[in-house]
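My request is simple: use the sequences and hints to build the entire structure.
Below, each chain spelled out in residue letters.
There are 2 protein chains.
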Amino acid sequence: MIHKTSRVLVSGLREHVGQTVSVSGWVNTLRLQSKMQFVVVRDHTGVVQVTHKRGGEGDEVETSLEGLTSESAVRITGRVVDNPIVKLGGLEILAESVEVLNRAETPLPIDEQTGLEHRLDWRFLDVRRRPQAQLLFAVQTTFEQGMREYAYEQGCTEMHTPKLMGTASESGAEVFKLGYFDRSAYLAQSPQFFKQMAISAGVDKVFEIGPVFRAEPSFTSRHATEFTGVDVELAWIDGVEDVMAFEEQMLAHAIAKVADAHGEAIQETFGVEVQVPTTPFPRITMAETQEILRAKGWDPAGVKEDLDPEGERGIAAQVKEQTGHEWVFVTHYPTSIRPFYHMRPADNPSVTLSFDLLWKGLEVTTGAQREHRYDVLLKQAAEKGMSTEPMQDYLNAFRYGCPPHGGLGMGLGRVLMVLLGLDSIREATFLFRGPNRLTP
Amino acid sequence: MIHKTSRVLVSGLREHVGQTVSVSGWVNTLRLQSKMQFVVVRDHTGVVQVTHKRGGEGDEVETSLEGLTSESAVRITGRVVDNPIVKLGGLEILAESVEVLNRAETPLPIDEQTGLEHRLDWRFLDVRRRPQAQLLFAVQTTFEQGMREYAYEQGCTEMHTPKLMGTASESGAEVFKLGYFDRSAYLAQSPQFFKQMAISAGVDKVFEIGPVFRAEPSFTSRHATEFTGVDVELAWIDGVEDVMAFEEQMLAHAIAKVADAHGEAIQETFGVEVQVPTTPFPRITMAETQEILRAKGWDPAGVKEDLDPEGERGIAAQVKEQTGHEWVFVTHYPTSIRPFYHMRPADNPSVTLSFDLLWKGLEVTTGAQREHRYDVLLKQAAEKGMSTEPMQDYLNAFRYGCPPHGGLGMGLGRVLMVLLGLDSIREATFLFRGPNRLTP
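Chain order of the listed sequences is H and C. Each residue of the first sequence is one higher than the one before, counting from 1 in the working numbering. Each residue of the second sequence is one higher than the one before, counting from 1001 in the working numbering.
Take these hints with a grain of salt, some might be off.
Said to hold, decoys possible - Here are the computed lysine-lysine pairs in the DSSO-like style, where the Cα-Cα straight-line distance is at most 30 Å:
| hint | chain 1 | residue 1 | chain 2 | residue 2 |
| --- | --- | --- | --- | --- |
| 1 | C | Lys-1360 | C | Lys-1304 |
| 2 | C | Lys-1304 | C | Lys-1379 |
| 3 | H | Lys-304 | H | Lys-320 |
| 4 | C | Lys-1257 | H | Lys-257 |
| 5 | H | Lys-320 | H | Lys-296 |
| 6 | H | Lys-177 | C | Lys-1177 |
As the list claims (entries may be wrong) - The following label-pair restraints were derived from C-beta to C-beta distances:
| hint | chain 1 | residue 1 | chain 2 | residue 2 | range |
| --- | --- | --- | --- | --- | --- |
| 7 | H | Met-36 | C | Glu-1389 | 40 to 48 Å |
| 8 | H | Gly-55 | C | Ala-1295 | 52 to 60 Å |
| 9 | C | Glu-1389 | H | Asp-306 | 39 to 47 Å |
If you're looking for bench data, these hints aren't it; they were derived computationally from the structure. Yeah, the Cβ is synthetic: ideal placement off N, Cα and C, and Gly gets one too.
This is how it looks when you write it as structure tokens:
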């Protein structure tokens, strides 16, 4: 006999003491004793103890509970009673009916000892059973909401740029190629070219969160072949400083929102205190960065143009020590290691008006003012030895009055990784994609 | 000589009468007379007249204005003065300096007479110059914001599911295949399987806006090979009715927000009155729908299981006539034309607990309760003649306590198309992708 009452979330049970309600959730733990049966049921808001005194033959509730398995999906109806002895909120549900909505097979394929790769094979169970993973996606939601609040307030327009491209324009090597009817197409490595087209289309400030694809055979803890990018592009800027100012304000707003909504839970679950950053973030040029690092023994051969992960951690540690700040914009990257479309200062073409943003020593953003003058863009592409013919659709956007602009691309997973102190981008993504992983 | 003052938007000029300001924008029109020069400058907030009395030899402003071309990007500094004769807001700017940021080539490649396909080749200019396109993206932003407001309020979690898949699981024919290191990958036709995995992962309500890919050689006004999908999936539902109720509430909220923010502009620009729908929307079964349509002469051979566009328009017209409502849920689609994972009522396996949502006769959403019982799912897949082996990762999600759930997938472009009365999905997308179009 099933009593159907409407669902009450575990977090709201306290308001229903004395009433008969239904809870829906998963079997967290089972304790089947000779006289009593105890089931702890978990939903996305908490856990509650369900108690049943065995009634013997013909006791349907007893039979149902006896047949349960860990992680089965159940709907249990019963009376909510106060019981100060019960650790879980001082209340329990006296079961009146049990509906098994989906019985879990036994044994479960993963447990607390399972290593990362095997957990990823069974990611749905991994996420369901670990409070860290549940919290991750709640934080992701709040963080994105916070970024959008700031972006909308600044007048951003939500754009969806295509992921399918006709040519592998930006850099052929790291691009996925697909069959497209009787020809080929490529997956966009970033919305870069398309968000610039949106700027030339008169969209004043572009905002997009979407997938980006990188055909890089990288196996580090911070690389993925598909990840979620947060992209912003701003028209009519006076310089790259406008882009950095936008980003630090957006991040400060979004992180404050996360701290407000989840700060305590993050402290409890991850042992990390969310620091809402003060603005402006520190800024340091690449030349100064290298000077500081080399004085400390980094790159003894003196040949590195770019920062390696060690260099990134090194400069972040230095900035933290001197300013107490977790964030730093490294600016003016050498022209040799930046794409042709980054603008260069008129008085120094050996550097670009670009930046990387590091958080606790991890690169989470690349940004720049873009070169918007057609002739200069052609010259810079030629200097990099690039053929402009496959890029003509992109280049056309600069021939008819493209305004000055700049923007940034941020890796959402990397920010979440640092925010929650996770070891790997694999833990900061719902379903990770890497050179060796296309499943589940 | 350049006076640099901070930028004022055209919409805000009225507050600066008597002051010297800078405006940044595009040359909308040029009128160069023998004694006077007039330039109408357009930014994303409006248009303003810039006036200059020729000063003769050595007049830099005169020279700069003389060299301007339509659509050039300029920054003009000058004094804002009241001039009741000027039609554009009764004010003008007396130019003091002109900075040409990006001179547009002449002639422009498109004009008012250019046809759709050629306009799409130069989409950035098409969007920049047409107020309809500018408004489209503002409406898109507000509409998405409205949907998110509702979804967050209902407890939705923002998820980003992968677009790269290891197998072409749902239906091989319409899937794009790509090279993935030493193997193949496929582009997700929808987040369907992955959002169901999120449900099994304990995410109570899933929300995602992202790209979906269809390798269909369709050339209609409503099909694209890549489009933006709005996806929702809800756990622990009592039935498909919960999904329809969620969708109609979400749409009513989002459309009310659009009407509020842009109703007047939409009326002016598109000649369309935004109707905020009342809830609940009408619901009608597929069987009833076909009966009504056949009585009016649709499908005289009596062989069609699905609605064709004519049938969709026919039933929408009938519902509109009888109820005054622009929207209708057509429910209980036959099992034969629905995927294996749609749930079927226990007493009638020939239909599914599914729906399409039509707006003004155009299908904008497909939804259903999903079959969450592993054994039933296997049986239904086998009945459809599908091999379950390539789907095992998906099917695993149902073996360990997947709760009852259902959801919907909505085409964002289609909704915008109907909302603004556009003729083609090509006009409702920033950069359209079809079998013959991968550029720009």
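Comparing the hints with the structure gives:
1. Between Lys-1360 (chain C) and Lys-1304 (chain C), the direct Cα distance comes to roughly 21 Å. Compliance with the 30 Å bound is thereby established for this hinted pair.
2. With a C-alpha separation of about 26 Å, the suggested pairing of Lys-1304 (chain C) with Lys-1379 (chain C) holds against the 30 Å cut-off.
3. Between Lys-304 (chain H) and Lys-320 (chain H) the alpha-carbon distance is near 23 Å, which keeps this suggested pair within the 30 Å criterion.
4. Distance restraint check for Lys-1257 (chain C) and Lys-257 (chain H): the Cα-Cα separation of roughly 24 Å lies within the 30 Å cut-off, and the hinted pair is therefore satisfied.
5. Taking the CA atoms of Lys-320 (chain H) and Lys-296 (chain H), the gap is about 16 Å. The hint holds against a cut of 30 Å.
6. Between Lys-177 (chain H) and Lys-1177 (chain C) the CA atoms are separated by roughly 9 Å; this keeps the pair inside 30 Å, and the hint holds.
7. At about 44 Å, the beta-carbon gap between Met-36 (chain H) and Glu-1389 (chain C) stays in the expected band of 40 to 48 Å.
8. Look at Gly-55 (chain H) against Ala-1295 (chain C): about 58 Å separates their beta carbons, and that is inside 52 to 60 Å.
9. At roughly 45 Å, the beta carbons of Glu-1389 (chain C) and Asp-306 (chain H) sit within the given window of 39 to 47 Å.
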